[in-house]
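Generate coordinates for the entire structure from the input sequences, incorporating the hints supplied.
2 protein chains.
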Amino acid sequence: MDEIEKLNDLRQRIDDTDLELIKLLEKRLNLVKEASLVKATLGASSRSLEREEFLLQDRALKAKEHHLPEGLIEDLLKRLLRESYKDSAQRTFSCTYKTSKPIVLVGGNGGMGQVFAKYFKASEYKVKTLEKDDWENVAEIVKGALLVLICVPIEVTENVIERLAPYLDEETILADITSVKAKILSKMLSAHQGPVLALHPMFGPDIKGMVKQVIVNAGGRELEKSAFVLEQFKIWGAKVCNCEAQEHDKAMGIIQAMRHFTTYCYGLFLANTNASLKEILDLSSPIYHLELLMVGRLFAQDPHLYCDIIMAQEHNKQLIEQYLNCLKEQLEVVANHNKAEFVKRFLDARDYFGEYATLFLKESGQLLARVNDDKR
Amino acid sequence: MDEIEKLNDLRQRIDDTDLELIKLLEKRLNLVKEASLVKATLGASSRSLEREEFLLQDRALKAKEHHLPEGLIEDLLKRLLRESYKDSAQRTFSCTYKTSKPIVLVGGNGGMGQVFAKYFKASEYKVKTLEKDDWENVAEIVKGALLVLICVPIEVTENVIERLAPYLDEETILADITSVKAKILSKMLSAHQGPVLALHPMFGPDIKGMVKQVIVNAGGRELEKSAFVLEQFKIWGAKVCNCEAQEHDKAMGIIQAMRHFTTYCYGLFLANTNASLKEILDLSSPIYHLELLMVGRLFAQDPHLYCDIIMAQEHNKQLIEQYLNCLKEQLEVVANHNKAEFVKRFLDARDYFGEYATLFLKESGQLLARVNDDKR
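Protein chains in written order, with this note's numbering: chain A, 1 to 376; chain F, 1 to 376.
Derived from the structure by calculation, the hints contain no laboratory data. Please note: incorrect hints may appear among the correct ones.
Which copy is meant is left open, because identical chains are indistinguishable; a pair holds if it fits in one copy or across any two.
Unchecked claim - Listed next, the in silico EDC-like pairs over lysine to aspartate or glutamate satisfying Cα-Cα at most 16 Å (straight line): (1) K339 x E329; (2) K339 x E363; (3) K208 x E20; (4) K143 x E231; (5) K212 x E50; (6) K33 x E124; (7) K362 x D206; (8) K6 x E363; (9) K33 x D348.
Below, the structure written as structure tokens:
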């Protein structure tokens, strides 16, 4: 055989192996689907951390025995787990509070409302919705409700609470999912005398499933009565993160408002320079490609959403000012070519990041490799 | 069988399937290694775009026939291709200019110098290095060189050019790899009368292989004489991107300087707020998690590197001022709760991003799913 024939022969054998691989993946996906159904009848949570840990460790060991390069089987398994989480979004779940009382989702036909409606229904709750046009029947709709969960845009939430409250039974749990917690929680507490629960799901309506999603519990009143709600979230696979309302709002100023604001500004700045995106992309290393993705993606979305997040708290203005001052100082450092000062500030920030800096470097390295994988 | 036994049985079958999967992957990796060796004897490039396109399309089709969820086989193949690129970094390459004349790497023992030394050697070139301590032998080292490639830090590059030039044969190609091109190119052109080539590899010394890496060709003099260098890069699998020096520098002000500068400032700002990173991470959605990774990773690296990039061009100062002005304006918009203005500017920037916005949203969506995959 000459070398070209050899290459063609090897490629044919790779093709054959890939077909086997596809068949094996099909078999595996079917087994996982079956397991998901059995888990549903067992009332088990969508996600078993112990099983996952076992899986990852066991396969890593076997992969090493079979000389697979480090990290390959781990990446593949995580990718497969993603599919099994998606599957589990279609299953039923055991119910943490069996009752004939309904759950009312205010704005239940909106994006987030639909997510919660689907999951509550899949857990055998009776779900009703209260929409804009339903206010004349509000008394009837919320009467005897177990839980009334407000899923409306933030700017109308306070108004909705006011209008709702007079019709709520005293034992009904009043809850919301807006991204600002302190003022909404205090509004709920003053408007309703019964149990209250302030929530903030850290995801949008486009999620593929609830597994691994974070839902913040910012407290409320008579929390023992709403404990089943948090338990239900966990059965769905979500992570419940307890965080006091004020603390939550402070963190969101940074996590949501500041990051979106600086991304928005960077996009405006880029547009201002009128740099050719095509050229920039051609010249980009994976890291800049990634950062450009994160800036550009914002502008494909709803401006009002970002506007609301950025303007949600007065405190955000102060954060922006703080950031602006920081930039001004650094501009001076750069303008003066003050390398020593640059390095000093850099090292101070390194102290702040502590061990996270190297952790982030490693984790992002994996991710940048994936950005490179995607490059044609 | 009761449900628990059923679940255990299914899990056992998943375990067995995974072992088969690992064996199949081992088989595939070995076939790819063999193919890489055959390609080396054929003198073929590290990467065949046609073969990759065929692979991705063919497998996608077969995966669909076998009911695999969309995107799964594509992700797996891209991950496997990464391994085959890494393999190809170990192979030999055909040489695009057979000669007994040496290639001299100035700073060849530095990070980037080592990368090029390795690849040139793997392509049968005779490689010499010129280090700091070798200047007394400079005449002897560069005598009769085919190519002298300067791989030293940017702040000493001009000085190195000056010291080198008097010893270069007129037919020797003088080339460099610094990240600022216009002033270095003009320095090379005035110092050396023979062929000149200005390059900028868009990667660091930590790359796993040359495949898909971008190398910018910013031109020079008597370019027909250095055409073999660019051809050699392509054989290694790199992408050569032609960009005029001034244009390149303008783009780098944005790609490298501005992005690093804003990331640096954001890190300083975060340190300034003294927000708890642990709490922020707990509360973060994948998107903020990713952005935090990208900020934190910077501070695990060498401050001097970033300082040099940010201070490399006077023009960068103007870009920072432009960004700062943009931020100030937006702060006012936010402070005045001017939603209409926010939305207007947002939509203007959307126009600038054009079809890239939705493209980036889609691409980043894939990536964020992977960030979520990594979450424990």
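Status of the hints after comparison with the structure:
Proximity of K339 and E329 under a CA criterion of 16 Å is satisfied intra-copy only: 13 Å inside one chain copy versus 29 Å between copies. Taking identical chains as interchangeable, the C-alpha atoms of K339 and E363 are never at most 16 Å apart, the minima being 29 Å within one chain and 37 Å between chains. Proximity of K208 and E20 under a CA criterion of 16 Å is satisfied in neither setting, with 28 Å inside one chain copy and 29 Å between copies. Taking the shortest Cα distances, K143 and E231 never come within 16 Å of each other, neither inside one copy (24 Å) nor across copies (76 Å).
Within a single copy, K212 and E50 get their C-alpha atoms as close as 14 Å, which meets the 16 Å cut-off; across copies the closest is 39 Å, which misses it. With identical chains, the CA atoms of K33 and E124 are never at most 16 Å apart, being 21 Å at best within one copy and 54 Å at best between copies. Only between protomers do K362 and D206 lie at most 16 Å apart by alpha-carbon distance; the minimum there is 12 Å, versus 29 Å within a single protomer. When the C-alpha separation of K6 and E363 is checked against a cutoff of 16 Å, the pair qualifies neither within a copy, at 39 Å, nor between copies, at 37 Å.
In this assembly of identical chains, the alpha carbons of K33 and D348 never lie at most 16 Å apart, being 50 Å within a copy and 46 Å across copies at closest.
When held up to the earlier numbered hints, the structure conflicts with 2, 3, 4, 6, 8 and 9 and fits the remainder.
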